[in-house]
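J.: Letter by letter, the chains look like this.
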Amino acid sequence: MNQSHRYFFAIVALLMIGTTRLFAQDQCYVCHSAIGDTPSTLFQHDVHFKKEISCAGCHGGNSQMEDQEKAMDKKAGFIGVPKGDLISERCASCHADAAKMKKHGSSLPTNQWEGLKASVHAKLAVSGKEHIVQCSTCHQAHGVVSPKDPSSPVNPLNVVTTCAKCHGNAAFMRSYNPALPVDQLEKYRTSVHGIRNAKGDRKAAECASCHGSHEIRGVHDTKSKVYTTNLPGTCSSCHSNAEYMKEYKIPTDQYERFTKSVHGVALLQKHDLGAPACNSCHGNHGAAPPGLSSVSKVCGTCHALNADLFSSSPHKKAFDERKLPECETCHSNHEIVAASDKLLGVSAEAKCSQCHSTTQNPKGFESAKHMRMLIDSLEISEQHARSLIEEAEQKGMEVGEAKFKLRDVRQARLESRTMVHAFNLPRFTEVVNKGLAATSSVAEEGQQALDEYIYRRVGLGISTLIITVVAVSLYLFIRRYERNQR
Amino acid sequence: MGLGKKIYAWIDERVQLEGLVEFMGKKYVPVHRHSLWYYFGGVSLFLFLIQVVTGILLLLYYKSGEELAFESIQFIMSKVQFGWLIRSIHSWAANLFILSAMIHMFSVFFEKAYRKPREVTWITGMLMFFMALGFGFSGYLLPWNELAFFATKVGTDIAGVVPYIGKPLMTFLRSGSDVTGATLARFFGIHVAVMPGIFTVLLSLHLILVQAQGMSEPMHLENTPEKEKKKMPFFPNFLLRDLLLWLIVLNVLAILAVFFPWELGHKADPFASAPAGIKPEWYFLFMFQTLKYIPAQVFFLDGEVLGILLFGLGGLLWLLVPFWDRKSSRGEQNQAINYVGLFVILYIIVLTIVGWVA
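Chains as they are written, first to last, in this note's numbering: chain A, 659 to 1144; chain B, 10 to 367.
Keep in mind that the hints were calculated from the coordinates and are not lab data. Incorrect hints may have been included.
[Stated by the list, open to error] Cross-link-like lysine to aspartate or glutamate pairs, in silico, EDC-like; alpha carbons within 20 Å at most:
id, chain 1, residue 1, chain 2, residue 2
1, B, Lys-276, A, Glu-1110
2, A, Lys-1061, B, Glu-231
3, A, Lys-1053, B, Glu-272
4, B, Lys-238, A, Glu-1059
5, B, Lys-88, A, Glu-1102
6, B, Lys-36, A, Glu-1140
7, B, Lys-276, A, Glu-1059
8, B, Lys-35, A, Glu-1048
9, A, Lys-1063, B, Glu-80
10, B, Lys-88, A, Asp-930
11, A, Lys-1061, B, Glu-272
12, B, Lys-88, A, Glu-1110
13, B, Lys-88, A, Asp-755
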């Protein structure tokens, strides 16, 4: 036995002596450990055991009494095995009391109980007598250890399986929310987070990272960390933390860029719940960046028509061959700004000119140039028609129907913008021509209204003149008549 | 014999026009410093006739119904030849008609022309004035636009406050508990059939009485010897002057209709919230504004109920003025009546301006 071994045994002996001395007075532990029952065996490793908290702390009674009847006397506060909500209430009697926690030298927060009560798990269980989840459901009863302990069921590496005990159990979940999927763990294992977690990376996001630990709210609860408008903030709590993400070597500006994007503005500023959040493109439990060739499919979940047109366009093959991410190449990824006609064409700011020039892919160059010219002419003619209608309206003309027709023009512009994704000049021209016909009809009505306005003024002038002449004649006639009467 | 005279002779031979001409020829209109006011009765009649003609023309295209009314007016204004002009003249003439009738009513009031034997003429005139307000209120809803919808809602709500009869009256007016397409149909029926029918009877009676009794002369002329009184023949002198004024009114109406076309606004949406600062038409504004100033509770009475009762009582007293102003009927000067009339005019003008600006 070398010196280090001697020190080790000395420490163990001291600890055992100390523990025995302490629990020599805890008659509950003395008897139960003598029987060797499971609770007392587990309790040896319990963090409460190490903090010198007696069994009576949770079960009540008098742990100092050797006499079993006196120790477990109900008059002495013995409650036996707590059931239902009493379990959590026993835990909360200390864990929600800052003074008690301080006395035991703990710096743990004391809001877990309040959090749990506000959570979706605090709903009544099917029995109708207790909450669905108690503290012991996740933390166990007698072998409670710190979450940092690798054996803790709520350790970052274990928590996914702990949650999945219920959430992966279809029969159990059906009793509460039949619509809720039960394959979260399965998906999670395919995600970047899940793969890293499985490899022992404690920093990789697990259930509690996104859903919270005690105050877990339903996804449709506006206070939930994963409610659509809160989700980007939740993801960014890690992904925007450069220090935290340092070892993963990925950018940390996604959230900042997303907030500037058309999607981010719609979701976070206009609170449009239909706008995409991080999970719309990356998935939630199976979160991972979309593959290069599946970008259009992901975007196509919302932009279905554009995606279909792109997939059947000649660009699909060209992009795949050059390993260009589909929609992202022209529209970017996180900072997707509202698409404008400027993206089309061969100008410096146009996207087409990145691959097409007079020497490189010249056919596409000419098509892009032509398409831009067409879409510009549609916009100009729409502006012209709109200005005519506005002018006529300002002059008090009734142009309600023409204004309604302007919707067709707008629709045609939207259609033409969508049709760009087919990268097919004849089809594009057909749609633009439809829009041009609509603008021409509106412009014609606007011009007619303006002509009518002038016609009315001229008509008024003539009729006023006629009436005035008649009135003056009548006046003169009255004067002459009355003069003759005298 | 000229063609005109030939036609006259042809008609005279059959309907004895000579008698009528003789009657009209003997009919004289007093001439004095207040003679101008006599013309407002004729102007009101002229504007009413314009309402009848333009109303009938609008009827050719107007379609009553929640889904049709607004669109049909839109069609009239944009597609029907001169539809915009007819609608605009109808709307402007309606307002000028009420204004002219109001001036006519006050001139009769201040001249005490309601005194014996013209009590019935006054009553028929007043009833027509109330009906003119009813024409305005019912016609306002017909385009089924946003403003009309909410103004009707507020207006019928106020009617609903009248004790005892308020609720049934409101339900009757709305043809249900709320303003809906059924209300529109009811208002349309009232506007184009019920009221014109009653109005025609009242107007005929009013005109017959005016013709039979002649124009009332001011009280200060009653003691003037007949020879010293200035007067002019009703036919053709007064009638020609009437015609001249009608032509001027027609010109004003045409200018208003062309330069300030009556807007159609937005289609009524019963589920939308009322537009901010919604107000009734100008002729109801003084009452609307008064109701705003009355406290919610006055003693044991609800403020709004009190306001409506006061206006009701005021209207009734105004209607019955020939019966309680005995002094004027006896031919004595009654200054109190002038003060009452002056107060009412000032009250209406001030409250209307305040309501308009507010």
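J.: Against this structure, judge whether each hint is valid.
T.: Going through the hints against the structure:
1. B:Lys-276 / A:Glu-1110: Cα-Cα ~24 Å, so violated.
2. A:Lys-1061 / B:Glu-231: Violated, at about 65 Å.
3. A:Lys-1053 / B:Glu-272: 11 Å, holds
4. B:Lys-238 / A:Glu-1059: Roughly 62 Å between the alpha carbons, so the hint for Lys-238 of chain B and Glu-1059 of chain A is violated.
5. B:Lys-88 / A:Glu-1102: 14 Å, holds
6. B:Lys-36 / A:Glu-1140: The given pair, whose Cα atoms are some 16 Å apart, holds under the 20 Å limit.
7. B:Lys-276 / A:Glu-1059: At roughly 13 Å apart (the allowed maximum being 20 Å), Glu-1059 of chain A and Lys-276 of chain B satisfy the hint.
8. B:Lys-35 / A:Glu-1048: Distance ~60 Å between Lys-35 of chain B and Glu-1048 of chain A Cα, so the pair is violated.
9. A:Lys-1063 / B:Glu-80: Given that 20 Å is the threshold and the Cα spacing comes to 15 Å, the pair holds.
10. B:Lys-88 / A:Asp-930: 40 Å, violated
11. A:Lys-1061 / B:Glu-272: OK: Lys-1061 of chain A and Glu-272 of chain B at ~16 Å, within 20 Å.
12. B:Lys-88 / A:Glu-1110: Given pair Lys-88 of chain B, Glu-1110 of chain A holds - Cα atoms ~11 Å apart, limit 20 Å.
13. B:Lys-88 / A:Asp-755: 79 Å, violated
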